[in-house]
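Participant: Make the full structure from the sequences, and use the hints.
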Amino acid sequence: MTSDQIRQVILDILGRIAPDEDLTDLDDARPFREQMELDSMDFLDIVMELRKMYRIQIPEEDYPNLNTMGGTVEYLLPRLKDVPVGA
Amino acid sequence: MAVRYDTVIIGAGMSGLSAGVRLAYYEKNVCILERHTTIGGLNSFYRLRKRNYDVGLHAVTNYAEPGTKQGPLSKLLRQLRMKWEDFDLRPQLQSSIVFPGATLHFTNQFNYFVEQIASAFPQQIDGFRRLVTRIAEHDALDLERQSVSARQVVSEYIRDPLLVDMLFCPDVLRQRDAARYGFQPVRDYVQEHFPRRIRSAVRRDSTHPEAAGEALQIAGRASETSCGGSGDSPEQRASDLCAFG
Numbered sequence: 001m002t003s004d005q006i007r008q009v010i011l012d013i014l015g016r017i018a019p020d021e022d023l024t025d026l027d028d029a030r031p032f033r034e035q036m037e038l039d040s041m042d043f044l045d046i047v048m049e050l051r052k053m054y055r056i057q058i059p060e061e062d063y064p065n066l067n068t069m070g071g072t073v074e075y076l077l078p079r080l081k082d083v084p085v086g087a
Numbered sequence: 001m002a003v004r005y006d007t008v009i010i011g012a013g014m015s016g017l018s019a020g021v022r023l024a025y026y027e028k029n030v031c032i033l034e035r036h037t038t039i040g041g042l043n044s045f046y047r048l049r050k051r052n053y054d055v056g057l058h059a060v061t062n063y064a065e066p067g068t069k070q071g072p073l074s075k076l077l078r079q080l081r082m083k084w085e086d087f088d089l090r091p092q093l094q095s096s097i098v099f100p101g102a103t104l105h106f107t108n109q110f111n112y113f114v115e116q117i118a119s120a121f122p123q124q125i126d127g128f129r130r131l132v133t134r135i136a137e138h139d140a141l142d143l144e145r146q147s148v149s150a151r152q153v154v155s156e157y158i159r160d161p162l163l164v165d166m167l168f169c170p171d172v173l174r175q176r177d178a179a180r181y182g183f184q185p186v187r188d189y190v191q192e193h194f195p196r197r198i199r200s201a202v203r204r205d206s207t208h209p210e211a212a213g214e215a216l217q218i219a220g221r222a223s224e225t226s227c228g229g230s231g232d233s234p235e236q237r238a239s240d241l242c243a244f245g
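Sequences listed follow chains A and B, in order. Residue numbering for the first sequence follows our numbering, starting at 1 and increasing by one per position. Residue numbering for the second sequence follows our numbering, starting at 1 and increasing by one per position.
Be careful, since some hints might not be right.
[Said to hold, decoys possible] DSS-like, lysine-lysine: derived pairs with alpha carbons at most 25 angstroms apart:
| hint | chain 1 | residue 1 | chain 2 | residue 2 |
| --- | --- | --- | --- | --- |
| 1 | B | 75 | B | 28 |
| 2 | B | 28 | B | 83 |
| 3 | B | 69 | B | 83 |
| 4 | A | 52 | A | 81 |
| 5 | A | 52 | B | 83 |
| 6 | A | 52 | B | 28 |
| 7 | B | 75 | A | 52 |
Simulated from the structure, these hints should not be mistaken for laboratory data. A quick note: this is a predicted structure, and the numbers were derived from the prediction, not measured.
Facilitator: Encoded structure:
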């Protein structure tokens, strides 16, 4: 998957977890929590969605990498580069 | 063939069903045990002579309009992947607290309630406004804070014991205090006016002793009429559980 594809996957997950949020102007550099109503439970749900879709395990100590969209895409890129989008 | 479960939950009430939904979402095999003949726990219903009688919730506090992002209701719906429409909630029109000597009406517009108090208890309105500020500043989630009696705090701001009791009305009706105003405690009222209903419900329970310890087949119970009342449907949660698990 490319960066853009990963970014879209994350947007889709966010759309399922927080359907009432407007994600069109999401700033990739700012934390998700500053831009939308997202608590720690929602965050775990994001991690779980990734695991269910791509069987990717994210250890707890890596969670800080997922605070922003930019950080999330950067973190996932090497782990998902060989995975097709529709996996 | 033996089935292995990661988690066994005792009770298919709201808590058990919600826990089951969340755990199934996290890919756990969940078994929910329920000794009664239907799900919903304290938010269930009984059926007598072709009519459903709701048990439990008829009113939900912290009501918020669909689309509200903050607050407990929004969080609940999000985490259980339920839609606002599933709940079929309506804002209240009006409620009243009627005590001997005073009546206070209230709606979901808080200012209306403030005006009611100003009108019925003019001596207390300043104290009440300061109480509201104190409550707004209160951090309910602060784990460091010591427990403190709500009544004690309110009494610091409201000097009229009648108003204090009216603000704690549901509590008053549950306790012995009720007699002070000529009210009958709720439990006594129900036992006096609905004795046969309570006995028949208990009888129905006791004809299914074998249900204790049996896994409840969540899928397929949705054929029963759903409970009305609060609008929160155990059947919806039950089918959610199947969808995840």
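Participant: Decide, hint by hint, whether the structure agrees.
Facilitator: Results of checking the hints against the structure:
1. Restraint check: the Cα-Cα separation between residue 75 of chain B and residue 28 of chain B comes to about 22 angstroms, which is no more than 25 angstroms; the hinted pair holds.
2. As the CA atoms of residue 28 of chain B and residue 83 of chain B are separated by approximately 23 angstroms, the hinted pair is consistent with the 25 angstroms bound.
3. This hinted pair checks out: residue 69 of chain B and residue 83 of chain B have alpha carbons roughly 13 angstroms apart, not beyond 25 angstroms.
4. Our distance criterion of 25 angstroms between C-alpha atoms is met by residue 52 of chain A and residue 81 of chain A, whose separation comes to about 17 angstroms.
5. Our distance criterion of 25 angstroms between C-alpha atoms is met by residue 52 of chain A and residue 83 of chain B, whose separation comes to about 22 angstroms.
6. A threshold of 25 angstroms between alpha carbons decides the hint, and for residue 52 of chain A with residue 28 of chain B the separation of about 12 angstroms falls inside it, so the pair holds.
7. About 22 angstroms separates the Cα atoms of residue 75 of chain B and residue 52 of chain A, which keeps this hinted pair within 25 angstroms; it holds.
Going down the numbered hints, you'll see the structure goes against none, and every one checks out.
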